[in-house]
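Each protein sequence line maps, in turn, to chains R and U.
End of the first sequence = 404 in our numbering, gap-free, step of one.
End of the second sequence = 404 in our numbering, gap-free, step of one.
It is worth saying that the hints were derived from the structure and are not from the lab.
Careful, some of the hints might be misleading.
Since copy identity is lost for identical chains, a pair holds within one copy or between any two.
[Stated by the list, open to error] Here are the computed lysine-lysine pairs in the DSS-like style, where the Cα-Cα straight-line distance is at most 25 Å:
(1) 98 / 349
(2) 152 / 289
(3) 379 / 289
(4) 204 / 336
(5) 98 / 151
(6) 186 / 98
(7) 151 / 289
(8) 151 / 379
Here the structure is a predicted model, which is why all the values come from computation and not from measurement.
Listed here are the chains, written in short residue letters.
Number of protein chains: 2
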Amino acid sequence: MSFFLSVVPVSEAIAAVHRLGNAMPAETVPLAEACGRVLSYDVRADVNIPGFTRSVMDGYAVRASDTTGAGESVPAMLTFRGRILMGQNADQPVKPGECFYIPTGGILPEGADAVVMAENTEPFGDEILVKRSVAHNENVLRYDEDFKKGEVVLPCGRRLSVQDVGVLAAVGCADVPVTRRPKIGIISTGNELVPVTETPKIGQVRDVNSYVISAFVREHGCIPVTYGIIHDDRASFDAALSQAASECDAILISGGSSKDDRDMAAAVIAQKGEVLIHGVAIAPGKPTIIGRVGTVPAIGLPGHPAATFIVLVAIVRHLLGDMTGNSGPEPVKVTAKLAMNIPSTKGREDYIRVVVKDGIATPLFGKSGLLNTLAKSNGIVRVPAESEGFETGREVDILLW
Amino acid sequence: MSFFLSVVPVSEAIAAVHRLGNAMPAETVPLAEACGRVLSYDVRADVNIPGFTRSVMDGYAVRASDTTGAGESVPAMLTFRGRILMGQNADQPVKPGECFYIPTGGILPEGADAVVMAENTEPFGDEILVKRSVAHNENVLRYDEDFKKGEVVLPCGRRLSVQDVGVLAAVGCADVPVTRRPKIGIISTGNELVPVTETPKIGQVRDVNSYVISAFVREHGCIPVTYGIIHDDRASFDAALSQAASECDAILISGGSSKDDRDMAAAVIAQKGEVLIHGVAIAPGKPTIIGRVGTVPAIGLPGHPAATFIVLVAIVRHLLGDMTGNSGPEPVKVTAKLAMNIPSTKGREDYIRVVVKDGIATPLFGKSGLLNTLAKSNGIVRVPAESEGFETGREVDILLW
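Okay, chain R solo, but in the shape it has when bound (with noise of 0.2 Å):
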């Protein structure tokens, strides 16, 4: 295996993980779980929404059309007809002249077509003073405004929000179908980790990644099943690998941080499948590997938590999302102005971290092994490969974080 590694663009490590991933079968879990999960099929509703047309305010059930040039000065004087109880329909229709009291929600007698608020009026004998005027269909939503019987009320692969959540009880939706989600093996390699409960010693660093990479995917819709810390040993590595490959549906492999753990991890990947990439054009992340354990997607990240994390958010990201049927949660997109220069390399793409704040991004020059600029920062800037970097005062692009 040649010493340097073979690197190639971004785009074209994100087009093989797009080739390896396959979305999971679909499974029904209960509304009050799925929030966050994805849906595999398209929900339409089963029912009209509104049933039946009604008030969206306290107030009368009026003819819109009585109401014409009604005002504080000039009330327009309607005959009260009764009070409308909820869930329950009129007694009579409401004639030219009349009005009848509406809860909201109440159902809107027949004859009526809009509903003056309760406090636009004043009782007055047994008459209504209506003092401002209101249009066809003000403060009423009518039959099946909302939606219609049998409409896609939201897509498959749509990732449910709080507010879809609610679309999905008004629409009956129960049981809800959505993508499994994947089992994501993690296995750390390098003979220089120990487990987070002991203490380094001189050369030793505590295992940030298992920790780093099963919250990231827990966070993207998956299930992240841990395979412990794998020292310089092809045998054990082999073992943990081949266990992973028959019990998950990906594997991340967190690289030794050394080019022999590298070497030793896309020998046996290359030997229990394939591997197509190993280097990728990106900073931090260069050393990441993308193949496959039999069928089973396998990426080797880099040994540095920060580059890990870089290659989780703008490669493996895509896998998952493949997966899950959705690409997670997407990194929200904000643009500031750079504080100071960013220079770059042409050829490679640069993820410079930033702290955004007010309108300005100052980037975080930390070495890729920091963890606490990661921590600190709270987004990304993006140099692509065909720039040499961006200046002061530059309005960029930021994925926060």
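Use these hints to put chain U onto chain R, whose structure you have.
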């Protein structure tokens, strides 16, 4: 009770919920489950990180001064002294004119102060040709450069991100002190409500709010506890409210949409505790109730799902933030140009749903009862009480959701 609500400004409503909400006590969770939780104590580094000066590249450990002026055409020539193995010290210091091969993560040997990337070198017999100069500390991570022992790495009140989990792993925080998730009781009232599994008859609507509120509070780090649908029955409501107050840390009541239901809710809350506010100058969402049952905060929400959602975002969020010890996932703000005028009434905060795309915000002037605009929108524009609206083309702040 007066027919017209005595409305207060949104700021006063927020101040009231801040007075009601107290932070939950702490508990400890395993690091693997800590993402998204809120720290209940400052977390400090238990060791210096890194615990030793290490290389961040595969390459050669050198004295930077030995490489001064080195380039492709005039390489520096250094004597190769051997390979440093991961986790092990070099067997001798680096003297002037010497170098060691060092893997990423390897312990920088005494005497060396920088690493030349392997790509910038070439073996030449027993010598190494260095074709690029390096500066002092280049490609190394110094002892304690990331975190110093005893330093606060993450503060109390921090909502833990994926990256933060990495920081906690690095400082050996295997058991994480977090705020207990508050239990939020949810009661749906309204004569017109039927369960999601039923097909509504004329005059009925499905209980959308229980699901929207549950999903919202879960997304804000709380545990929803639902108490079902209470019809127009004061005794049942009274019993449900008592049970919720004894079992939960706060109560959210999805108010019946009619004034009668709301008055009933306010009366029962007043009898069991206190009604602080009944009516907020917010649209949609005016008939909001803020009070307490005993010492348990109790908030009455409007019956319309879309109005409920706005009150959750604008007001309830602050209560949940106080209780979880953090303001939760802070809504992301972006600025965009308005595609059309937004008229508004002075003295009332208007929340208008918008679709933001490519820097343009298009208002969706759906009636507050519509779910489809809520699901289609990706944010809201807040029109402050003192404003009469915004004109087309104006740059406005959008809260994304």
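Cross-check of the supplied hints:
1. 98 / 349: neither (77 Å within a copy, 36 Å between copies)
2. 152 / 289: neither (52 Å within a copy, 31 Å between copies)
3. 379 / 289: within (23 Å within a copy, 39 Å between copies)
4. 204 / 336: neither (41 Å within a copy, 44 Å between copies)
5. 98 / 151: neither (29 Å within a copy, 81 Å between copies)
6. 186 / 98: neither (64 Å within a copy, 51 Å between copies)
7. 151 / 289: Neither. Shortest intra-copy (52 Å) and inter-copy (28 Å) distances fail the 25 Å Cα cut-off.
8. 151 / 379: For residue 151 and residue 379, the Cα distance is within 25 Å only across copies (16 Å; inside one copy 48 Å).
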